[in-house]
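Sequences and hints are given; from them, build the entire structure.
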Amino acid sequence: MFTKDIFISQTISITIEWVAVVMTLNYSFALVLALLMNQRRLRLKVHFRVLFLVSFAVPITAVWPIWVRILTPSGGLLNVVLAGLDLENPLHPIEWLNSYPLLTVAMVGLWSGFAFGAIALLAALQGIPADQYEAVRLDGANRFNTFRFIEWPHLMKLNVILWMLGIVAALNNFNIIYVMTGGGPGFATTTLYLYAYRELGSGDYAYTSAIATLLFAVEMVVAVFYVRYVWLRGRK
Amino acid sequence: MKAKTQELINHGITYAIFTAIAIWVVFPIFWMVSSSFMSQADQHTRLPLLLPSHISLLGWDYLIYNLGLLEPLRNSIGIATISTGVVLLATVLSGYALARFSFKGKALAFNFLLLTQFVPTVANLITLFILFTRYLHIFNTWSGLIIIYSSGGMILGTLLFSGFFSGLPVNIEEAAMIDGTSRFGAFWRVILPLMKPGLITVTTFAFIGFWGEFQIASIFTDSNAAKTLPVSLIQLLTPYGTLNYAAQYAIGTVLAIPPLVLFICFQKYFNPSLTNSGYKG
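Residue numbers (the numbering used here), protein chains in the order written: chain D, 2 to 237; chain Y, 411 to 691.
Calculated directly from the structure, the hints in this document are not laboratory data.
Warning: the hint list may mix true and false statements.
To be verified - Straight line, CA to CA, 27 angstroms or less: simulated DSSO-like cross-link-like pairs of lysine-lysine:
1. Y:Lys678 to D:Lys46
2. Y:Lys606 to D:Lys46
3. D:Lys46 to Y:Lys412
4. Y:Lys516 to D:Lys46
5. D:Lys158 to Y:Lys414
6. D:Lys158 to Y:Lys516
All values derive from a computational prediction rather than experimental measurement.
Right, here's the structure in full:
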């Protein structure tokens, strides 16, 4: 059936693009934030930690109308602010959800999901013994080398878990894409998951199952690596 | 002295970045609450208003009288609370079993649980739909959603609890059992009081997950008998946009309150390193 469907290859490439964008955005943002929060003698970080968790707690199915309003092309807050800063021409407002749908939806996804990774990474960073920092400091290491030789190797265990869970979460993402664009415009944000859902709505159960099985197969590959990894780590 | 100045500058930059992120995080929620009190005219000003020019309750009125919001609200509260209760009751026991007992097939059970986390929901929808409509006749009922939600929550709950229980030293129960109480007595009177962080974590995660769930609820309900709030919210939208923006923001506000309250009360128990792996450490 896949051979007769002209949309499936497009959907697969959109899925790959979506996973890559989401993973890059979410992980790098979380890592930078965790490193910033891990500075010594930073007094207010406990308060900021609570604030950062706010968007993680509130379900996207509650706040999407306001995101749609912020991103509205004419008279939307984002475009008004950008025009006020002279960064865009108010006569040709950017149509965020039409011109850059995937990236815009991914940014909303970042808003609702960054805190989890950031706080997990922060917890791992705080587990690094102080004498290791002291040791590289005495060796004259700069900030980058401290990261390269102490922090990054220490984070690797958690990274593998965050990456695998992140890939599967991106593949299974439904809520954020559905409420922001419904998979559109056209097929621009239709990932495999959304595609299966769309086919479900059209009543083609057999084809829905075929797409869902394809997705399931991909995820099982990640899952087997994940289980092996967690299991081996638990045995150590 | 130089190092001290350097640190001061670093902290200053850090706080500036943190403030920017905090505004980005909190602003949409603030604006949603504020917009739910705006009149139709305020929603469509040329430059968007941050605060209503005057408090208008039209959106909230529309919600309660025209949409019958109270029924979906009752469904949402009931379904999320009961599902959370079921998950808590079942997984505190299954997590304990997985952490403490050794039995045949334990490794298999554990790995199987880890794997099932990865099954995409959309792959289950068709079979569940046929099962619910043709055989069990629980389409559009509370029990239908509660069964799906609580069975979904079992996986994460079991893994979380098994992680929490593995973190407790075995000799706590052994001491209680030597003093003459049964294993269940030890579990109930000694272990469970120490499980407060675990109970709170599972409750918060399960409740927030069920409360905001949209996909399953949209497929398995078709009237106010079981429809939940996220479904009502999206159904306000017509192909031409919504008729009543303030009502949308008002539903969003109602949906945002319980998760926020739970998270702010319990955020000190939030520890993602446990959530990730289902394993201690």
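Do the hints match the structure? See the list:
1. Taking the CA atoms of Y:Lys678 and D:Lys46, the gap is about 13 angstroms. The hint holds against a cut of 27 angstroms.
2. This hinted pair checks out: Y:Lys606 and D:Lys46 have alpha carbons roughly 25 angstroms apart, not beyond 27 angstroms.
3. At roughly 24 angstroms between alpha-carbon atoms, D:Lys46 and Y:Lys412 fall within 27 angstroms of each other, so this suggested pair holds.
4. Between the alpha carbons of Y:Lys516 and D:Lys46 the distance comes to roughly 41 angstroms, so the proposed pair goes past 27 angstroms and is violated.
5. Our distance criterion of 27 angstroms between C-alpha atoms is broken by D:Lys158 and Y:Lys414, whose separation comes to about 34 angstroms.
6. Using a Cα cut-off of 27 angstroms, the hinted pair D:Lys158 and Y:Lys516 holds, with the two alpha carbons roughly 24 angstroms apart.
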